[in-house]
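Add chain L to chain H, keeping to what the hints say.
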Amino acid sequence: MIRLLVLLSLLLAAPAAGAAEDFIILQSTTSTRNSGLFDHLLPKFTAATGIEVRVVAVGTGQALKNARNGDGDALLVHAMERELAFVAAGHGVLRCDVMYNDFVIVGPAGDPAGIAGGRDAVAAFARIAATASPFVSRGDDSGTHTKERALWRLAGIDPTRAGRWYREAGAGMGATLNMAAAMEAYTLTDRASWIAFANKRDLQLLVEGDPRLFNQYGIILVNPARHPRVNFAAAKAFRDWLVGPEGQAAIAAFRVDGQQLFFPDADCG
Amino acid sequence: MEDLGAAFALALDLVLGGDPELVAIVGLSLAVSLSAVAIACLLGMPLGALLASVPFPGRPAAVVLLDALMGLPPVVVGLFVYILLSGAGPLGALRLLYTPQAMVLAQAILVTPIVAALSRELLAGLQEEYAEQLRSLGIGPWRAIPTLLWEGRFGLATAALAGFGRAIAEVGAVMIVGGNIKGVTRVMTTAIALETSKGEIALALALGLVLLALALLVTGSVAVLRGTAARLAHD
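Order-wise, the sequence lines are chains H and L.
Every letter in the first sequence is one number past the one before it in my numbering, and letter 229, counting from 1, is 548.
Every letter in the second sequence is one number past the one before it in my numbering, and letter 39, counting from 1, is 107.
Chain H with its partners taken away, still in its complex shape (with noise of 0.2 Å):
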């Protein structure tokens, strides 16, 4: 038993020493991670700098909140005006937008609302909630609900209000695709999670192509004013190679299927 126990510390001893090393947390969402975004780009930043970039990948939501607690050093996330106001508020410093994509509204092949082959999301929500078709929202506070939320707004709908199609799964991106695979629901995604998703089923991207379907992921870095204990020049150096010629040059490699699913458009503003 004794042995036992001294073999167990030496086990959880070990992931400790490794934080001796240099390394940041970065809060960031569940499409830049489940879509092996940074699978491919971390491996480049340690091999150049040494430092490893440990993701927790939350909604945008939680992800801000955890970094006003100076939990993680840096954030890398996909609400504009949350990000903005994040800074504002003293939480965050040195904002860059990093790279785009954009958002596209997926559903069943049946389409029982029509909207397929659309270029108006707005149009198209209003086709779901007039035909009362399901949907499914990520209801999580993430980037991908404030999208949708703004896109309700314009076409002049509170869903919440509005019926039993409109269902909320409080989940991640990859979650919700698999209640609307499941339910043959239609639901807003961003491109990159929705190319990688692997159970798409009878699922199909049906809408795109809208300009208000625009999606700028930015970098944060938490402020080390306001949390004294970040790793500040580590997640200053992760930020400074992201928006440099390597780190927009990895993104731009970066293909799932041989499609690219971030484009870089690094701006410090």
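In case anyone wonders, no lab produced these hints; they're calculated from the structure.
Among the hints, erroneous ones may be present.
[Said to hold, decoys possible] Estimated spans, in silico, between C-beta atoms of each pair:
1. H:450 to L:287: 28 to 36 Å
2. L:289 to H:531: 55 to 63 Å
3. H:449 to L:130: 54 to 62 Å
4. L:136 to H:367: 48 to 56 Å
Where a beta carbon is used, it is the ideal one built from N, C-alpha and C, also for glycine.
Here is chain L on its own, set in the frame of chain H:
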């Protein structure tokens, strides 16, 4: 249905292939959950024995409370430990959030009531059985605690196993306080949740089968150990 067949094939591939990432994940799952159970046993078994042996006012209420705590939702425990260890929390300076240590702490909190409550149940029965003997030997309720723990050791292994089962299978607490960071805090259950969210249903199921095999291995080892120990004790 095809997912299920694919899952079995994949699970076999994973185990036989000895994929280093999977080995690390399995190792961390075992290390975290066994550590948590060890802590839970060190705290929970004496506590259970105390509740079984030492009468005090309010003991029935304490027993009910302990039994109720067996139903602690993992997510709530995870949140509680998150608030404790968060940079803005009272223990933030320790920088333990998103480490295996934080996961051990959360699982230990989750499992201790289970081990304590099951131990109390078992030892209360033993205490009744031995009450006469203990009294005639002049052993008071406090001094009876080590005796009860020793005499009940084989049954207590089951309490420890129940705790282990809970720890190795839970995902809510370790997801919040560990963060499911690749290579650092990813364990079997969070890996399964991740693969499910990627829509890799067969792979998620395969990992589930590996987890089940792991649980079988641990409980099987305990059963064999217990059998051997019991035989030796009776020789």
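Cβ separation of residue 449 of chain H and residue 130 of chain L, checked against the hinted range 54 to 62 Å: Given range 54 to 62 Å: holds, Cβ gap about 59 Å.
Beta-carbon spacing of residue 136 of chain L to residue 367 of chain H - inside the hinted bounds 48 to 56 Å or not: Between residue 136 of chain L and residue 367 of chain H, where Cβ atoms are some 53 Å apart, the hint holds.
Whether the CB-CB distance between residue 450 of chain H and residue 287 of chain L falls inside 28 to 36 Å: Violated - the Cβ-Cβ distance for residue 450 of chain H and residue 287 of chain L, about 53 Å, lies outside 28 to 36 Å.
CB-CB spacing for residue 531 of chain H and residue 289 of chain L relative to the 55 to 63 Å hint: About 59 Å separates the Cβ atoms of residue 289 of chain L and residue 531 of chain H, which means 55 to 63 Å holds.
When held up to the earlier numbered hints, the structure conflicts with hint 1 and nothing else.
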